[in-house]
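Top to bottom, those sequences are chains A and B. Using our numbering, the first residue of the first sequence is number 1, and each one after it goes up by one. Using our numbering, the first residue of the second sequence is number 1, and each one after it goes up by one.
What you were told as hints is all true, and nothing was included just to trick you.
Result set (DSBU-like, lysine-lysine): computed pairs, CA atoms no more than 30 Å apart in a straight line:
hint	chain 1	residue 1	chain 2	residue 2
1	B	Lys264	A	Lys268
2	B	Lys449	B	Lys150
3	B	Lys38	A	Lys139
4	B	Lys130	B	Lys83
Derived by calculation from the structure, the hints in this document are not laboratory data.
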Amino acid sequence: MLSRHADSLYWLARYVERAENTARLIEAATRLSATPIAGEAGRNEWEMAVAGTGTLDLFHRDHEEANRRTVVDYLAFSAGNPSSIRACLDVARANARSVRTALTMDMWETINSGWMDTRGVNSPNLTRQELSDFLSRVKELSLRFDGSAYRTMLRNDAYYFLRLGTFIERADFTARVLALKADVLDPNRPSAGGSFDYFQWSWILRSLSALTSYHWVYRDNLKPNLVAEFLILKAEMPRSLVACYEKVTLNLDSLSRDYGRQGASQRKARMILGQLQDTTLPGLFAIGLARFLEQFLRDNANLGGLIAEQYLG
Amino acid sequence: MPAFDEMHGFGQGIRAAYRTIQAWLDGSDPDNLKRLQKEAEFLFRRIGITFAVYGDAEAEERIIPFDIVPRVLTGGEWATLSKGLTQRVTALNRFLADVYGAGEIVRAGVVPADLVYRNPAFRPEMVGLKLPHDVYVQIAGIDVVRTNDKDFYVLEDNARTPSGVSYMLENRDVQMRLFPDLFAETRIQPVDNYPDELLGALRSLAPASAPSEPTVVLMTPGPLNSAYYEHSFLADKLGVELVEGRDLYVLDEVVYMRTTRGPKRVDVIYRRIDDDFLDPLVFRPDSVLGIPGLIAAYRAGNVTLANAVGTGVADDKAIYTYMPEIVRFYLGEEPILKNVPTWRCREPDSLSYVLDHLPELVVKEVQGSGGYGMLVGPKSTKEEIEAFRARLVADPDGFIAQPTLALSTAPTFAGDGIAPRHVDLRPFVLTGADKVRIVPGGLTRVALKEGSLVVNSSQGGGTKDTWIIEEPAEAVASQSQSQSQTGGEPC
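Extracted from the complex, chain A is given alone in its bound form:
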């Protein structure tokens, strides 16, 4: 296929995934802002939501205070934020249009009608209900997109490039959310005290829609080391780093099999996956969670660069 089309597919998937992730961040913040925890200075779930997208500096260039109004505007609608949901959906649709021949009708209709449905919504002064409807529609778009890709696309290079975009973006998001709170997940650090810790752990899990599944897997209260294990090392958790990298490796291997040739991106992906599979929970904390995640984010970004070099140039 055309290199440019592969590039469009890869970024289409990344932007759809990013829109969904941002929607989940806003939902988590909305939810937590309704949870009273008395006497905790310095807690700001809205600021955390912005930090989850890794763009706090950009946010503070235009906004003094992080509150519901400013953050919802910035994360959902702002034209000044290249990763706002609105911007993600615009870019996703533009990519979809430019690569329409590689999409199935179901996928195109999902993107196009989702884009049209959410297009009119743009005020930061939405009621809670309106905001919640908007976020549901964004998540629905992403789920339908994922589902229609899975159910209707031919299993060929177009599919593999699309999937690579999804899983690399997903891994990036999981690692970023964890890295933000790496300190509160360290079991060796002195506890800041019950309810505030709990608040932060549950924020992590909610942002990755992993709270319910955590309970199913561990049948236990939230424990920081288990939260880290769940989101990094548990293959059955589809947003964990190891699960994402199983998929990244699988899709890169499929590409190299189809093309009869492998390169730097395949080797790099297998190396990252190998490290994730070989790491144990004590090992993770021995290295230091923050350091481990930092390295992972760098590796993940490098892999994106290698894929671009090998196929998308």
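Using the hints, position chain B against chain A.
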């Protein structure tokens, strides 16, 4: 005199072609039709069948209104029409091969030399170049209108990059989705083999140096182009890559595309981009849409362009007026399709006639298209006419004039009920190595405003599904009668 109506003729009752439509409309509740009209619009928008209007940022993507009442022609009418179209496009190709070759028609004094060689669409780069099977116009869109039950007139030959065929195909699809019963009752000739016919024609004209399975691509200026939807739609149906200039490059006079598997040779380019933008080394140097070196590869015979470069010299409005002579000159036949009588304003006698009769005439720019820059005399104010008169006097060579034709009307859903609206028809004519192929039908455009004669989509026109029906209902009835006369029990 009222215009000829495709359903009612000149008021002599329902014409045979429209009996099914009549029965359907009589049996339909207007509210239900209204609902279905809305549903059709929703379908078009959801599928993303849109076009962009230049200079209109608000409505960046619009849909062309679709009218739910089909336009119907009989098989007999179509037979005449398609013979005429074949004749006309064959003559266009012969003309192009001639003016870029020996120039016999000019030497014979049939067409004036300056109209050909000083024509802005004439491309000296094409002189002396031999194309596969001498085909220049692989895809033509010929705009046809009728004024009575016999005569078809050609309004315009589109020999550059005619668009609209995606609407022909999508309109049929939507019509079938909304009104499946109609299709059960009538035998309508299918149009969905168009992509196969097109691909066949393109492949048959691949350069001699191409492999036996030539690689065809469709080249678009990109998503901002007004016809981008059509480009992606066609590429999809053809099963070929939709490329932009930046996806292609030329090395040693061979064209390649950049793919995830590395470079791949390209043999045929169905280009939906104007000559001017094809190759910055030869045409507009500021074009970023084109491919440097493409024309060198073309001249070396290593790639086929569809349509060929320089076909515009055959379809401008000045050459149009000579089409009957062009048909006679090359084919030795009388033209089957008529030309609209036309005054060439470059000729002094014609100019003075035109200036005296502006309120009755349609005056068009020789180089114009899309319904822009024209005067429709009967629909214009005195001020508009006088303003146009000044333009005409300043540059008579740039204009032609025609009488306002009483274009036929067809029943159309107009808000609350059915009303007659003026229509034209653009059939798509494909020329391959062996012959001319025309899918039965085309794009019917309809002027949705009451009384309007302008059908262009950029000016408020809509489209209809176009049916060529097999004839006639009587034959079927008599056959079933004779069967029952045999009297035997079914076995």
